[in-house]
Every structure is written in structure tokens, then in C-alpha cells.
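Novice: Listed here are the chains, written in short residue letters.
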Amino acid sequence: MFSKNLVSELSNQLNQILDSLVWVYPELVLAGWFLGILLLDLVWRNLPYRILAGITGLGLGLTAVLVYRQFVDFQPLSGNLFLGMLQLSPAAIYFKFIFLLCIACTVLLAGRSRLFRRTKPPYAEFLALLLAMGLGLHLLAMSVNLLMIYLSLEVVSLSSYILAAFHFNQKASEGSIKYLLFGAFSSGVMLYGMSLLYGFCGTLQITDNQFVTGLAQADGMAVLVAGFLAMAGLLFKISALPFHLWTPDVYQASPTAVVAFFATAPKIAGVLVLWQFSQVLGKIDFWLGNVKVEWTDLLAVLAILTIIFGNFSALWQTQAKRMLAYSAIAHAGFLLIPLVAANELGRQSLFFYLTVYVLMNFGAFWLVELMSQVADYQIKSYEGWGNAYPILGLGFLVVMIALTGLPPTAGFTAKLLIFSALWEAYQSSQNQLLLVLWVVGLLNTVVALYYYLKIPFYLFLRPLPTPPNPILTVRKLDYAWLILLIFPLIFWFFKTDWLMAMLKMLV
Amino acid sequence: MVLLLFYFFCFLIVVSAFLMLLTRHILYAAFLLLLTFLGIAALYALVGADFLAVSQVVIYVGGVLVLLLFGIMLTHQPVGGQPSAAPQTESRNLWWGALTGIGFFALLAQVIYKADFTSKAWIVSAESQKRLLNNSSIPHLGANLMTHYLLPFEIIAILLLVALVGATLLASRKS
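Respectively, the protein sequence lines represent chains A and B. When the count follows the numbering used here, it moves up by one through the first sequence with no breaks and lands on 507 for the last residue. When the count follows the numbering used here, it moves up by one through the second sequence with no breaks and lands on 682 for the last residue.
Pulled out of the complex, with its shape left as it was, chain A reads as follows (with noise of 0.2 Å):
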């Protein structure tokens, strides 16, 4: 049936699919351990929670030391695997460590949890989840044909969708659905442009010449209007404008641990596929009539519309899990600055900033939840608590220093970066919209001033009413992790150049 030239294409198909095999280990390890814990909960029911957790780390360790082979393997040569599907890249391999270091955070975090503890959840399938949507992060940064950044994305949600709702209560069944609506939403109009895209050049893979080529010949506002079709699950997944109405509700009904890892792992991907996306699409010129648009613009108005959104939203929250959602909306309008910017230095300044938002981000969510034990969530709650506690007070005022980008922190740095990438752009673009963001952003920065430092304000300069009732209970293990996550914030502010010089190597 087949012609003897077909079979011997086939063959070497195949065979170029079993080389690509060596260089998906990581992967392979984390899918198997997701399989393998899942086998494990069905043969031994109930195990604790610290031995799940333990071989879980081992799963990650395991990952991490694969990984790490793939960093000192790598030659530039070995980047197209399974016939152009994933392309490996260092910036992957060193994302892929930060992916990592999210999921070992958010199984202590979600370890350490009281509420959690207390409302016993299915422990096996929550860590299995939580390596489903490590793999899927993985394949995401390697991603660069549009089915397997939908299938990826979708491997991610699919598993936020259930995390959000491990509280099993009414609330957080509301923000699962919600999440769930909005997501499906979001990931059908992505597909919608997909097919649009792929119609216009015939090809699913971004990084293929084809690719630019049809989107360059066809019509200006077509290609607009799919190419930011296409973007919506990935603005969905980083919580930008206009996709953003979910997160509130699931960062307040979700456990604080999950919380922790939505607003880190899946938003670094998505700003990675995103940056790609922008480095194809930005080389073409849109003409709408006889307008020049580029792709930029289109993303610095998502930008500006964020920022604002976020930020004065986030003004007026009076529960900390909120006032946090509204700061990673606010965020994500910041992380679309460097890709706006779309030149070196704002590539070097996205990694930056994505490298300490984990920090920052996990530092937060880490603080809150500690303070949960004396609180609901409730800023006004934490009035006092700084005195008593100090170590924990100041972790809050560097935490929320670094969030707000002022020294001295590395928040401080990697805002400093990304405004310059900014400048540098438009100078050499002469463009009035990147001036406008750059005020906006600039403006914004002092707007979030007010509400950043809330928290440390009444930790601090309001008297703690007598007497205090709930016991706050510290253990050394949270003191450790805070100093771990806290330390490099400070560090990197000084020694700016250790973290810069390593991410100027991820060409």
C-alpha cells in the first residue's frame, strides 16, 4: 500500500523522533510521576501527607538533576525536537529550574497550611495534579507549534481548574466554575485565531519562515485580529486585560499554596510563549487603511489598560488575598513592558523581573498564610503583629517593598530594567504609545506605593489590642524558607550583576 520512498521517510521519522527522546527526560520523569503517585494512592489509601510530599520532592529532584544534564549538554544543534514540534532552548532549560523550584515551594507552602491540614483533601491527587501541570509548564516553554501550546496550556488549566477548588466548599466550587467558564471561554477564542492563523500560512509552527511569510502578505487587519485572538488564553493565563475577571475570585476561595503557584508558574509561561509569539509577529507591519500599526502597539495598550486596571482596583481591598490578585493583574501589566520594548535588554529585563516576582510572589503568599493564623485574611487584622513577631514584620516590609519596585530590593532593579528597555525602544522608535506607558508605568509605581505598604503599616505603627487572643505560631522551618526567599531580594539588588550575568547567557 505504501510506496517504498514513503516507507523510508517514515523510518528516518521515526528515527529523528527517537533522538528527540534523550532530550525530554525531564518531562518523561514527571509525567511518570504523576502516573506513579497516582498507582501509589490506589494501592495504599490514606498515606500522609509527608510521605507523598517526600517522594514528590524526590520526582523533582530527579527532574532538577535532568534538567541540569540538559544545561551542560546543550548545543545549539539539538534544539528542533520531535519534527519541529518543542525547540529547547537555554531560556527554556533555566525556566524549567524556576518551574521547578514553584512546585517545591507550593508543596511546602500547601504542607505548612493550616487550613489545609484541617479539611484533609485528597493529598495524592493534589501533588499529582500539581506535577500534570509541571509538565505541562515544561512543554509550554519548549513550545513553538500553535497545537502544542494549545494542548500545553490546556494540560495546565485543566489541572488550575481542579486545584482551585480544593477547598470543596461553596466558595471555592463559585471560583473553580468561574475559572472554568472564563477558561474555556478564553481557550476557544484562542483556537479560533489559531485556525485563522494557520489558514493564512498554512503552517502550526511560529519559528517556520512560512509562517512569517503568509502572515506578512496577508491582510493587515486580519492578522491583527487573529494574532490577538490567538493570544487570549495566554493573556487569560497571565491574568492581563481584558481575561482578568477570574482572578479575584479564585485567589480569594483557592488554598493560599495554589494561589501561590498560579500567580508564578503558568503567568512565567505564558509571558515565554507570549514573547515568541510577539518576536514573529513584531517583525511585520500592520496597515489598517493607511495607518502604520505594529504589534507593539497593540501590546502596549493591553499594557497601559492593565497597569491602570490593576493597580487602582487594588486600591481600595481591604482582604489580603484580594489586594494580592489585583497586584498580579497589576503585575501582568508590567510583564508585557519588555515585550513591548521586544529588544535585548528587555528580553535580559523579563527574565529579571520573572526570576524575582517567584521570589516576591511566594515570599507574600507565604507571609499571609502564616498570618491566616490569626486572621481572615483581613489587613485590618494584622494590626500590632510586626512588633510582636518582628522577623516576620520586616519579611512583610521587604516583601512588599520589592512588589512596589523601590530600593532597596531587587524589585527595585527589575523595574529599573524593564523602564529602561522601555526608553531605549522608544528612542530608537520615536513612538508616542511607548512614551505613554512608560508615564503610565512610571505613575502607577507610586500609586501602588498606597496600597503595598498597607500591610506594614499596620503591622507595625498600630498598637496590638490587648490581649492577644490566637496564639501566631513560627516554626524554624518557616524562618528558614522566608530567609531563603527573602535574602536574594535584598542580595540581587546589590549584586545585580551575578543574576544578570547568568541570564545574558540564555541566548
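No wet-lab data here; the hints were simulated from the structure. Take the hints with a grain of salt, since some may be wrong.
[Stated by the list, open to error] Covered by chain A, per the in silico footprint, the following chain B stretches (three or more residues, Cβ under 8 Å): (1) 604–611; (2) 616–627; (3) 663–674.
By construction, the Cβ of each residue, glycine as well, lies at the ideal position given by its N, Cα and C atoms.
Take the given structure of chain A and dock chain B to it, following the hints.
Specialist: Structure of chain B alone, referenced to chain A:
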């Protein structure tokens, strides 16, 4: 003749989808969905995607929809055979919703009109080689599924397992 069939099935899809929006009776909506699915399967067949057309019928009409109908008939008991009372939530922003919907539709229609797919280089070359209609698509699908699309194929397996785990988890935990 083919063009006539095409427009007939398009009409079927659009009308049944529109009626689905208007009807309050959930069983009617399910049957109208059946018409939509069948129309889409016919469209697939018309463009030569034979395998896709058959799987559309087998999976959507045969599987998903029958399950849906079972679900409705086993759980839904209208009082006295009447369609159930008005929905509990009030419908708000009716005009804004309609306006956004129509605006978005106009935008997309314009995009598709401007995109001018028939003149795209890759479609022209595929048409000139007569690759589109003459052969069955199944051998190519099979070969591609095991080569170019092997990784997506495997990832879908994981995706479905995640969905399965999630569904059982949420169904088994009563809040």
C-alpha cells in the same frame, strides 16, 4: 450541486444554532444541537475530510449528545409537561450583550472576507496538485499521528487522565 448542498447545510447549522438560543425547553435545545452536529459532519464530508466527518457523527452525535439526552431525561422533570418556569437569574445587559455580539460578528466577518483564503499560496498549490479531494485522508492521518503529531497524541492522553482524575475527585467530594 455541491454548492447548493453546502448552502443547505450551512442554513441548517445556523438556523438550528439560533433556535437553540431562543428556546427555553432544554430537550428541544438538545435535539437542535443534534441537527447542528449533523450539519457540521456534512460540511466535513463536503470538503473531503472523510474521517473527520465519521468521527464527528460517532463521537458527538453518537456519544456526547446521547449522553446529554440521557442526563436531561433522567434528571429533568418538567411540571405537568410544561417547560420549566423562567430562569432564576434575571437577564441583564441585554442590549449591550446583543450589541457586543453583533459588533464582534461584524468584525470577524470582515476579517474572513478580507483574509481572502482562496488566493493563499499554500491553498493554491495544494489545489493545483489535486491533493485535496481525490484520496481518502485516513492513511495520511494514521501516518502523521504516529510521526509528526506523536507528541501531541501522547500529551492528549495525559490531558484526558487529568480531566478524569478531576471529574471523579469533584464528583466524589460532597461539600
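Novice: Take the hints in turn and mark each one as holding or not.
Specialist: To see whether the hints hold, each was checked on the structure:
Coverage of a stretch by a chain is defined here by at least three residues with a beta carbon nearer than 8 Å to that chain's beta carbons; for the segment 604–611 of chain B and chain A the count is 0, and the condition is violated. For the segment 616–627 of chain B, the proposed coverage by chain A is satisfied: 8 residues have a C-beta within less than 8 Å of a C-beta in that chain, meeting the threshold of three. Counting residues of the segment 663–674 of chain B whose C-beta sits closer than 8 Å to any C-beta of chain A gives 8, which meets the bar of three, so the coverage hint holds.
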